[in-house]
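Asks: Now that you have both chains on their own, put them together as the hints suggest.
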Amino acid sequence: MVTLAQPEASSLGVREIRKSFPAPDDPLTSRLVLDGISFSLAAGELVSLIGPSGCGKSTLLRLIAGLDSADSGELLIGSDPITHPGAERGLVFQDPNLFPWLTVRRNIEAGLVARGVLREKHEEVDEFMRLVGLEVFANAYPHHLSGGMAQRAALARALINHPKVLLLDEPLGALDAFTRMRMQDEVLRLWQARRTTMLLVTHDIDEAIYMSDRIMIMTSRPGKIERTISIALDRPRQRSSEDFLRLRADILNFLHLAGKA
Amino acid sequence: MLQEEITGRPEISPPKSTTQLPSAPPQPDVNAIQRREGGLKLGWRAQLAVPLAALVALVIHSLFSKRAPAVETHSYTLFVYEIVGVSIVLAIAQRFWTPLRSWMRHMCPIFTVAILALGLWDLVTFGFQLLPLPYFPGPAAVLRSLISDRVLLLDSTWHSLALLLSGYMVGVLVGLISGICIGWSTPIRYWGMPMLKIVGPIPATAWIPLAMVVSPSAIVSAAGLIALAVWFPVTMLTASGISNTPASYLDVARTLGAGRAYLIFRVAIPAAVPNIFIGLFMGLGASFLTLVVAESVGVKSGLGWYVSWAQGWAEYGKVFAALIIMAAFFSTVMTLLFKVRDRVLVWQKGVIKW
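These protein sequence lines map, in sequence, to chains A and B. First residue of the first sequence: 1, per the working numbering; consecutive thereafter. First residue of the second sequence: 1001, per the working numbering; consecutive thereafter.
The set of hints was computed from the structure by calculation and includes no laboratory data. Please note that a few of the clues may not be correct.
[Unchecked claim] Some, not all, of what chain B presents toward chain A, calculated at C-beta under 10 Å:
# : residue
1 : 1162
2 : 1248
3 : 1254
4 : 1257
5 : 1258
6 : 1266
Because the structure is a prediction, the values reported are computed rather than measured. The beta-carbon is built from N, C-alpha and C at its ideal position, and this holds for glycine as well.
Just chain B, with the same shape it has in the complex (with noise of 0.2 Å):
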């Protein structure tokens, strides 16, 4: 087809001919599928791994449920329950059904254990009463808590957000402007990078006493600390990365009559991006314990405060059901940040891995 098209032009002596054709976008190897499918037979251990899994769960839960009261144990019954039913119904589709059988090969493993390690918590805590109460309940109790104070939770969480997201933003956004600006003039450079050096190693929380005073609000100074957090990593990689740009790339943009500001917006800013992408996820990740920590200290809202809250009033269930709403808020927030990166970066895709 190439060739074809450049033969057509008849004012142009004909190129003998073009280079080879660029390694095809990944063509799905047909036989290569059918080998995997049949590879993928039913193994009767894949498919009753799960299940059996949460039978041994229901089992240890039935042989000690009747020593509390219903009411206690109700919910968590009813969930075993659940998970019980869902396992056969996916062992049983995945007959039928070939791309959630790969899925369930691929996570069956994973779901066996998470389910066997729900069974040993129960047993541990409510089963032997292995380990001191009030400070570990059992998964009954801490489900428990998780519905009775749904609302709270879900308050909390909502403000946990709002506060996470605003303090988040500036400090990114403060972060790039002085990571340019470090990363791409010397005299900047020259004042701003030791300035960067001393006050930046100081994690956040540290500030926390100092925050109170100064700022009217302890939410705006609960804010500030997080961006205070994500602008130290934020600045320091995105300075690096304008700073490492490959010269050769600046000195093809110049020779094509670019000015200053093509040479920063569209060639040292586009070459940062990897790296500014690992600021902005070790930002992330102190962002999230800076949040946690200005809630239980100052701020009265929040899973942070929900946290230390309930652990005033010795409801350990609360703290915990709060801990398994965190993981899910802050890995729902990371993965977000990951397709964002997997968006920005496609012309990397295959280059770097992490």
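Pulled out of the complex, with its shape left as it was, chain A reads as follows (with noise of 0.2 Å):
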């Protein structure tokens, strides 16, 4: 095993994935949530997964965090089967979700307690705090913090434990408009800084073209994955070049057809 101290990477394998949940009006019958999804991500890849809510995006992404598991199917980190959740898989909800009890930098070290390495590691806390431009706010408590704060603390909290694979649970999607550009480009720096791969599930369409090296669009009842579209363009992209518009209708035309089937 390669030390963690270094960034690393690890691809993530998806082979035939399904996974039902009991019906909400009658339990004994259950309904089929994601029906055998398979896909893989490269090591150090950025990918994200768009589609209409409830198509089973947060369900996937919660089945490969391990803290759900699948009726079938097989998920594998590298070549580790994922089987519990586990430091290695980073996640950030859409809700920053700090502990309000903790201040920002106790919040930033608790994968390194929870994994009572924090003696050893604790000048990486200072690291990350100024990765995401917090320092200032080490001792303020989370209610201090605007929406935009709250979630770049959420994500060094989860890249402290150098994560192989990053998943993002729409992590922007409470965001005002504005805020959620920065932020678009403060993630793409941190993937940039840390080469981690990362697995963005998001339903603003502008936000996964500007970020990201492949698109999986998703549909729903049950969630399979339709199409995978690489996105060719140079980055910084441009979020009005001609490029940009034409993936983007090409994307909209295609989920406006595919509800329609």
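Replies: Structure (structure tokens):
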């Protein structure tokens, strides 16, 4: 195993994942949420997963995080199967979910405390607070932070464990439009600095095109990956360039048609 | 400042900007303060209300004090003079000292009414003797008991405090442990919850007959009863706090590599602390009740014992004196717990008010 001190990424393999939940109105029947999802992410890739709400994007992320288990199929980090939640897969939610009883600094070091390695790695806490520009707010409590700052703290908290894969579940969805655009650059910067494999769930098509190497489009009931689009544009991308807008129209068109079918 | 820090790092592409700053920690708004002080003009009414009330109390007392031997009213007469003196000093001092002025402005209605109530009490009992004696002595008699019996009262307070603290501590400790177990573990919850729901609501004082038989000493059984009274609300609220820990916090902790110990001690328990404090307050109220009842029934010391002893001799001045001490004692303990809560729950400041 490579030491955790090195930023390292790992590939992610998703093979024929099926997951169903009891139907809300009739607990005896079950509703298929994910129907044979398969894809893989290369190490260091940033891939978006978009689709209508309720298509099972978040469920899929929870499965990869190990918080739930699939009915069938296989999940691999590198070549290791995923069975439990673990520090090598970071997860950032739409709600920053900072622990309100801890200061920003204590929140960011939570992963080190949880793994019992705070003593060896405490200087990394400063490094990560600087990385997300929060060192001034080290001793502030989360309720003092704005939405964007809280989300940056949540990103630092997830990154301090040097996850091989970072799962982002609509991390910018609750922010206003301007903050969101700034945070997209922030996440890209972190991605370029850490070279972590990232899987980004979003329902913002612009965000997906602006940020990712590839976009996977899901449809719902049951959730399936209908199409994968590679984005070959150079970074930093222009949100109003012709290629950008063509991709956008293409995806909108596809989602619209898929919705009708 | 924030932006400079980040853009100062050469190896990373400059972020466009950071998000907006958080709402700054409440800075005193200079204008607001000036406006407030401007509004704090020395109203004659605010300045004179308290001294006037004190004078009314003094007049009431002097009208009737000749009727009784000087020994009986002497201390109270002095006391009322002191009130008059202090209120005049305060009225003058607030002219020159602004913090005192805003405090006095806030407290002035309370002081006025409290002093007038004292006068009314004097009038109704000592003055016109409208209430039956010896059950309702006047303030002068109560003050005299308070002073003459001070050694015994102090000793009783001390014994009550020791008994209260030992019972409360045990109850809180056991309550926290059982609450955490019931809140966290499903099997313990299955067996513990019904037991808690059946045994818990029985008032601790109802166990007194049994406790007297079981325990060798009255003190030990009283401490046990107080602990029991505290244990129930603390357990109940702790358990509900633990089991209502937001699932998202637990999920986050799991993805950060947390084991069970971290999930319990660093996520579930901190998340339950606001609830736990409600349990601690409810338990404190229950412990006061149990303490006083236990002391007046079995234990041969403490304020509860003092009250029933004084009642036995029909010395109601002493009964009221003990009640005054109790009020001061219990509200001090309560205030201390509030202070502890404010300390522990700084992270919550502004979120919850109670």
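Asks: A separate judgement is required for each hint: does it hold in the structure or not?
Replies: Quick rundown of the hints versus the structure:
Hint status for residue 1162 of chain B relative to chain A: violated, with the closest Cβ pair at about 33 Å, above 10 Å. Because the closest C-beta pair between residue 1248 of chain B and chain A is about 5 Å apart, less than 10 Å, the hint holds. With a least beta-carbon distance of about 4 Å to chain A, the hint placing residue 1254 of chain B at the interface is held under the 10 Å criterion. The beta carbon of residue 1257 of chain B is positioned within 10 Å of a beta carbon in chain A (closest approach about 3 Å), and the interface hint is therefore held.
Of the supplied interface hints, the one on residue 1258 of chain B holds, with its beta-carbon coming within about 4 Å of a beta-carbon of chain A, less than 10 Å. With 10 Å as the threshold, the beta carbon of residue 1266 of chain B comes within range of chain A, its nearest partner Cβ sitting at about 7 Å, so the hint holds.
Comparing the model with each earlier hint shows a violation of hint 1 alone; every other hint is respected.
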